[in-house]
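> According to my numbering, the sequence shown holds residues 61 to 234 in order.
Honestly, the hints are just simulated from the structure, not real lab data. One thing to keep in mind: the hints can contain errors.
[Stated by the list, open to error] Below, simulated SDA-like cross-link-like pairs (lysine to any residue); rule was C-alpha separation at most 25 Å, straight line:
no., residue 1, residue 2
1, K208, D83
2, K182, W71
3, K208, S76
4, K183, L172
5, K183, S76
6, K208, S79
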Amino acid sequence: MIVLLVTRFVWGFLGSVHSRFSDFVVGPASVLAYLRGQPSPTPGHNPLGGWSVLALLCLLLLQAISGLFNSDDILFSGPLYYAAEPQLRDLMGVVHQWTFDILLGLIALHILTIMYYQFRLKKQLIQPMLVGAATDREGHKAPVSALKAVLVAIVIALLLWQGLELAPQPQPLW
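Work out the full structure, taking the sequences as your base and the hints as a guide.
Here it is as C-alpha cells:
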C-alpha cells in the first residue's frame, strides 16, 4: 500500500499533465471562487475535489505508516512494532484509529459527491475513470510512458523493501 501511495505522490510531480497535482490542486482563491458558483478552472477535478483527493492520499499514507507500528495484540503486529518505543506505538495506535474514522467519512463524502455529480448534475465522472479519458476534454497531451510509471513504482518498492529489511524482525505473539 505504501509503495502505491508513494508512487502516486511521485507521479503527481513526474507523471502526465492531468495526473500532476499542479493540474487539479489549486489555491484558496480558486476554491472560494468555486464555492461562490464560478466554474472550475481545471477540466478534471473541481477545486474541492482536488483538495479531497490530496486529503485522501495523505490520510491513506498516514494510515499505512501508522499501521507499521501497530499490533492487534492477538495475531498481527506491524513490521516496526517491536522496533518502536511504547510511547510511539501508543501514539501510532491513536493516529491509526483516528485516521481510519476520518477516512470513512471522507470516502463516504467522496462517493456521495460523485453520485450527485453523476446523477443530479448529469456530469460524467464514473465513465472517464473506467476508460481512462474524459470525452469532453480537448487538447489532450500524450500520456507519459507506462514504462516510466512501472520503473518509478519498482524503485520505490525496492527502497521500501530495503528499509524494511533493515528493521528488526517482528516477533510472533504466540
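> Take the hints in turn and mark each one as holding or not.
Going down the list of hints, with the structure as the test:
| no. | hint | in the structure |
| --- | --- | --- |
| 1 | K208 - D83 | holds, 19 Å |
| 2 | K182 - W71 | violated, 30 Å |
| 3 | K208 - S76 | holds, 10 Å |
| 4 | K183 - L172 | holds, 14 Å |
| 5 | K183 - S76 | holds, 23 Å |
| 6 | K208 - S79 | holds, 14 Å |
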